[in-house]
Amino acid sequence: MKIAIASGKGGTGKTTVSLNLALALSNVQLFDCDVEEPNCNLFLGFDLEKMEDVIYSVPVINQEKCDICMKCSDFCRYNALAALPDKILFFPSLCHGCGGCTILCPEKAILESQRSLGVIEKAKGGSSLEFYRGLLNIGETMASAVIRTLKKHIDDQKTVIFDAPPGTSCPVIASIGDADYCVLVTESTPFGFHDLRLAVDVVRELKIPFGIIINRWGLGDSSVEDYCKTKGIPILLKIPNDRKIAELYSQGIPFVRKMPGWNEKFLGVFEAIKSQLAGLEDVKI
Amino acid sequence: MKQLTVISGKGGTGKTTLTAAFTSLAKNAVIADCDVDAADMHLILKPRVLQKEDYYGLEVARIDLELCIECKKCREFCRYEAVNNNFGVDPYKCEGCAVCTIICPIGAVSMEKRVSGLAFFSETRFGPMAHAQLGIGEEASGKLVSVVRNNAKKLAEQYHKDLVIIDGPPGTGCSAIAAITGTDLVLVVSEPTLSGIHDLKRVIELTVHFMIPTVVCINKYDINEENTQLIEKFCIEMGIPVIGRLPYDDITTKAMLQEQTLIEYAKNSEHANESEFASQVWQIWAKVEEMFIDTQDKQKMIKSLETKNL
Chain X
1 MKIAIASGKG GTGKTTVSLN LALALSNVQL FDCDVEEPNC NLFLGFDLEK
51 MEDVIYSVPV INQEKCDICM KCSDFCRYNA LAALPDKILF FPSLCHGCGG
101 CTILCPEKAI LESQRSLGVI EKAKGGSSLE FYRGLLNIGE TMASAVIRTL
151 KKHIDDQKTV IFDAPPGTSC PVIASIGDAD YCVLVTESTP FGFHDLRLAV
201 DVVRELKIPF GIIINRWGLG DSSVEDYCKT KGIPILLKIP NDRKIAELYS
251 QGIPFVRKMP GWNEKFLGVF EAIKSQLAGL EDVKI
Chain S
286 MKQLTVISGK GGTGKTTLTA AFTSLAKNAV IADCDVDAAD MHLILKPRVL
336 QKEDYYGLEV ARIDLELCIE CKKCREFCRY EAVNNNFGVD PYKCEGCAVC
386 TIICPIGAVS MEKRVSGLAF FSETRFGPMA HAQLGIGEEA SGKLVSVVRN
436 NAKKLAEQYH KDLVIIDGPP GTGCSAIAAI TGTDLVLVVS EPTLSGIHDL
486 KRVIELTVHF MIPTVVCINK YDINEENTQL IEKFCIEMGI PVIGRLPYDD
536 ITTKAMLQEQ TLIEYAKNSE HANESEFASQ VWQIWAKVEE MFIDTQDKQK
586 MIKSLETKNL
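Protein sequences appear in the order of chains X and S.
Everything in the first sequence is counted per my numbering, starting at 1 for the first residue and increasing by one.
Everything in the second sequence is counted per my numbering, starting at 286 for the first residue and increasing by one.
Okay, chain S solo, but in the shape it has when bound (with noise of 0.2 Å):
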């Protein structure tokens, strides 16, 4: 089984319409919406949730005010400011450590689990997919794509697929690490924007530190041509293959309103331009599916990364 993750840096550069319209052109794929805090892809697959489970966080402190000698102890050691004057913990400073726990005198506190979100094992008409919930203001979305990630991979084993494709969060931390890591294939979705341009090196950085293949397209690369030909230039250098580029255009917006891929929008539309930018969208997954065959390659490109890391 392969995995692909589509990650991008910057927000809103494309990542979720291109990866839905992925879904519509893969042949046996398993879909992984790993954006947990901002999770998009149900608004265009519909998925038809099979079962569900709670997702547990971190725990948090609790103490038991009957028993506090109010020592403050537990503030004294918590290292995030998470106990204030009354011995209350805020829920939103608590890292969940445990550290109160070992160093309260008289066993006051103790930890407590919480459901912090919901994982979803779907299907939809593209196949199955895995995607989640993230509870408001909870902690640990690295932790909860983990669990989206593992539960793509108990559908792919289920049903016989031999591809999960991975929708990524924004971004360089926690999350984006936990979206990537292990993975076969990254796609970098980029615009030509000074923005855009920064996040792409910030987020290639990011892959090659953690020594995987790496492609990129650029999105709407007409709106500034010359920053188009930058991150050009910029792939060519650090040696990562640019795929694709595909042109400013509503069409991505119209399908999203009709709750289609632009695959499936384009396929109804009378535009020439509407079916000439899914056929490049086409082009480009057929690029991506061209990476998984060609292992030679890939083992190239790991031994190049190799040696940028050094």
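Next up, chain X with everything else stripped away, as it sits in the complex (with noise of 0.2 Å):
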């Protein structure tokens, strides 16, 4: 079963959750899909080892060949190829690696290299968690060739968490596309309830089961839990808004490791994911 951890708002916890909820549980495998913003191994501390390049191939131009007749720059959607009236320029970080430009040059006068956006590590043999997490090289902006490469790793017959990036875009989509349920972590505050509303449009519109955990619960307003309650969202688990926790985070420490009874309720949530989907099972039977 794969679950997804995502939020909307950004700083509202997921990274928190995962961690959380992966230590609780056995036979799991956590993926870090913030691959902007990586930080589930700063709670872990693992070492962490290469398992490959994210590549993907763009054009480069023989300009010797090249009789400028502009069909390339003409059909790049992403404005990477400009033709100058002496020679065709490509700038690499716009280029999405269609490859089209190389299909269409009638003197062939493009080929193919291969450029690195990222790369995938993987936590060494021995951690206490099978750990992977995706890395976007600063400067570039594809984060969801990321994110899809990380993705091959995935094995079925685990429990699978993915830690997805903040917002409700492209490399949200990626991260939370494939997963069989969704966590979305919250805070009742104004923001915080604003973009829960915009993360349950997008797990609606990708008809994903979903539930609620509501973090720093206690502080803003009751509007989280009136909303989830108005429409029937579950509420898998409140984390109160406790400095305890907030000093933890700030050290690196998951919180399940050093406060009592905590692992038993991501237990719990782990066991409301699973009869909620059970429920669904049913109704579709």
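None of these hints come from the bench; they were simulated from the model.
Note that the Cβ used here is the ideal one computed from N, Cα and C, for glycine as well.
You may find that some hints are simply not true.
[As the list claims (entries may be wrong)] Take a look, some chain S residues computed to stay more than 10 Å from chain X by CB distance:
| id | residue |
| --- | --- |
| 1 | Ile-354 |
| 2 | Cys-356 |
| 3 | Val-374 |
| 4 | Arg-399 |
| 5 | Val-400 |
| 6 | Ser-426 |
| 7 | Ser-480 |
| 8 | Gln-514 |
| 9 | Pro-532 |
| 10 | Asn-553 |
[What the hints assert, rightly or not] Using 25 Å as the maximum straight-line C-alpha spacing, the simulated DMTMM-like pairs for lysine to aspartate or glutamate come out as follows:
| id | chain 1 | residue 1 | chain 2 | residue 2 |
| --- | --- | --- | --- | --- |
| 11 | X | Lys-71 | S | Glu-397 |
| 12 | X | Lys-244 | S | Glu-511 |
| 13 | X | Lys-152 | S | Glu-366 |
| 14 | S | Lys-539 | X | Glu-247 |
| 15 | S | Lys-378 | X | Asp-74 |
| 16 | S | Lys-398 | X | Glu-205 |
| 17 | S | Lys-378 | X | Asp-180 |
| 18 | S | Lys-552 | S | Asp-534 |
| 19 | X | Lys-244 | S | Asp-534 |
| 20 | S | Lys-378 | X | Asp-53 |
| 21 | S | Lys-572 | S | Asp-469 |
| 22 | X | Lys-258 | X | Glu-247 |
| 23 | X | Lys-2 | S | Glu-366 |
| 24 | S | Lys-378 | X | Glu-205 |
| 25 | X | Lys-151 | S | Glu-366 |
| 26 | X | Lys-207 | X | Asp-226 |
Two chains, two frames, some hints: make the complex.
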């Protein structure tokens, strides 16, 4: 089963929930899909080894063969190719690697070379948890490509947890799109509530069953709880607005390791997810 | 016209709260909410929309199944695995590259425009505002960020404003890059957690990469003062000024619940700590304004960034 942890608003506690849930379960894989700012391993402290580069094909233009017909630059939807009077300029960071220019060039002046966008890393053998992460190189834009490569390491026999990036756009879709269940982490402040509703729209659009974890519970007002009650959305867990938790977080310590009772609570979250999904199966049958 | 972008790397460090406060302190500015996939600024500034326009994101391929001869070339050449076994196109996977249109031997594929969101021109109690709403699950938020920045420029010209204050998105990818390129100053809002420090370093690598003068402020500095010192030390080494520290205070949530900037909220507050908090934000803003005046310093900063990039 694949469980994605997402939020809409940043800083609501996605990583905290992903880590604590992964540490409470067994036979589990944790994927840090926030490839722009991966934070899970700050808390795990594993030695990581590189599995692969995330590569894609970009054009290399043979200026001698090129007669500047501009077919490539006219075709490129990402403005990665620009025609000057005497040559074609290529902007690698805009290229999506679709290969269209190579196909189109009548002079066969465009070949392709491999370019690296980022890396996929794995916790070394002997680590207490099977952990993978993707890391987007600085200055690169195609986070989704890194996430897609990262997900090739999924083992369907295991419980898989995706720590998703914030927001609602392409990297989020790439992170949660194939999940069986999505946990939305929020806080009950006006910003948290507003962005939660955006995230709910996304998971509904993707038809992924979901539930909510309220973090920093006690902060703000009751709007999130009222909303969940009205809409019949399950609240899986409430994590109190506790300075102790914030301090452990600031030091990079997952709080299930230090605060008694929380391991069981995250196990309870997992059981609640399983029974929610089983209920949905019953309805289908 | 100058442009300031507020970013953070890590989400939830207080970008929007601080940016909203700045809008109530700036004298002659346009506001641009460039966190287009989770825009929150409008919750505080309550903009009155003057004009809205459709935003067209990347196009999506459509295969005409009446014409399709199932030669599978589109599937073979699509690098995003967007064409399924029944020759349907998955809109979430399609990147709109149009390779399938040139590879299809019988011209059964066309590209369709789609409205991927809305862009707004608005007015608020603190000046004109450009903002947007990205459609659910839509791609290309970086492109929409550029649209919002362009609209903010138009508003600045129309209303004779000399500054654009940009509330940026989290992360270091497509939308963050679109929010910072070509701006005059980036303010990074950091927090003294391990994640905060890690993300600050990556975001500073990004501003160095694009050679944009950068300053840092540390929010919730008192939740871990050791980490706060680590951030300050790192910034000194990088030659990046730390222009303020703010304590952890629930004034930010209280102001948010009242739909006010914390500057507005503090005006009516009887608590000394809240007025003190607002005054510290005011001092941070004063330093930002100084940075804009003192262009010589800025040149110096760009020079030092250039050497770091080598």
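Tested hints:
no.: 1; hint: Ile-354; result: holds (19 Å)
no.: 2; hint: Cys-356; result: holds (15 Å)
no.: 3; hint: Val-374; result: holds (14 Å)
no.: 4; hint: Arg-399; result: holds (14 Å)
no.: 5; hint: Val-400; result: holds (15 Å)
no.: 6; hint: Ser-426; result: violated (4 Å)
no.: 7; hint: Ser-480; result: violated (4 Å)
no.: 8; hint: Gln-514; result: holds (13 Å)
no.: 9; hint: Pro-532; result: holds (13 Å)
no.: 10; hint: Asn-553; result: holds (18 Å)
no.: 11; hint: X:Lys-71 to S:Glu-397; result: holds (21 Å)
no.: 12; hint: X:Lys-244 to S:Glu-511; result: holds (16 Å)
no.: 13; hint: X:Lys-152 to S:Glu-366; result: holds (14 Å)
no.: 14; hint: S:Lys-539 to X:Glu-247; result: holds (22 Å)
no.: 15; hint: S:Lys-378 to X:Asp-74; result: holds (23 Å)
no.: 16; hint: S:Lys-398 to X:Glu-205; result: holds (20 Å)
no.: 17; hint: S:Lys-378 to X:Asp-180; result: holds (18 Å)
no.: 18; hint: S:Lys-552 to S:Asp-534; result: holds (16 Å)
no.: 19; hint: X:Lys-244 to S:Asp-534; result: holds (16 Å)
no.: 20; hint: S:Lys-378 to X:Asp-53; result: holds (21 Å)
no.: 21; hint: S:Lys-572 to S:Asp-469; result: holds (14 Å)
no.: 22; hint: X:Lys-258 to X:Glu-247; result: holds (12 Å)
no.: 23; hint: X:Lys-2 to S:Glu-366; result: holds (21 Å)
no.: 24; hint: S:Lys-378 to X:Glu-205; result: holds (15 Å)
no.: 25; hint: X:Lys-151 to S:Glu-366; result: holds (14 Å)
no.: 26; hint: X:Lys-207 to X:Asp-226; result: holds (23 Å)
When the structure is compared with the earlier hints, violations turn up for hints 6 and 7 and for no others.
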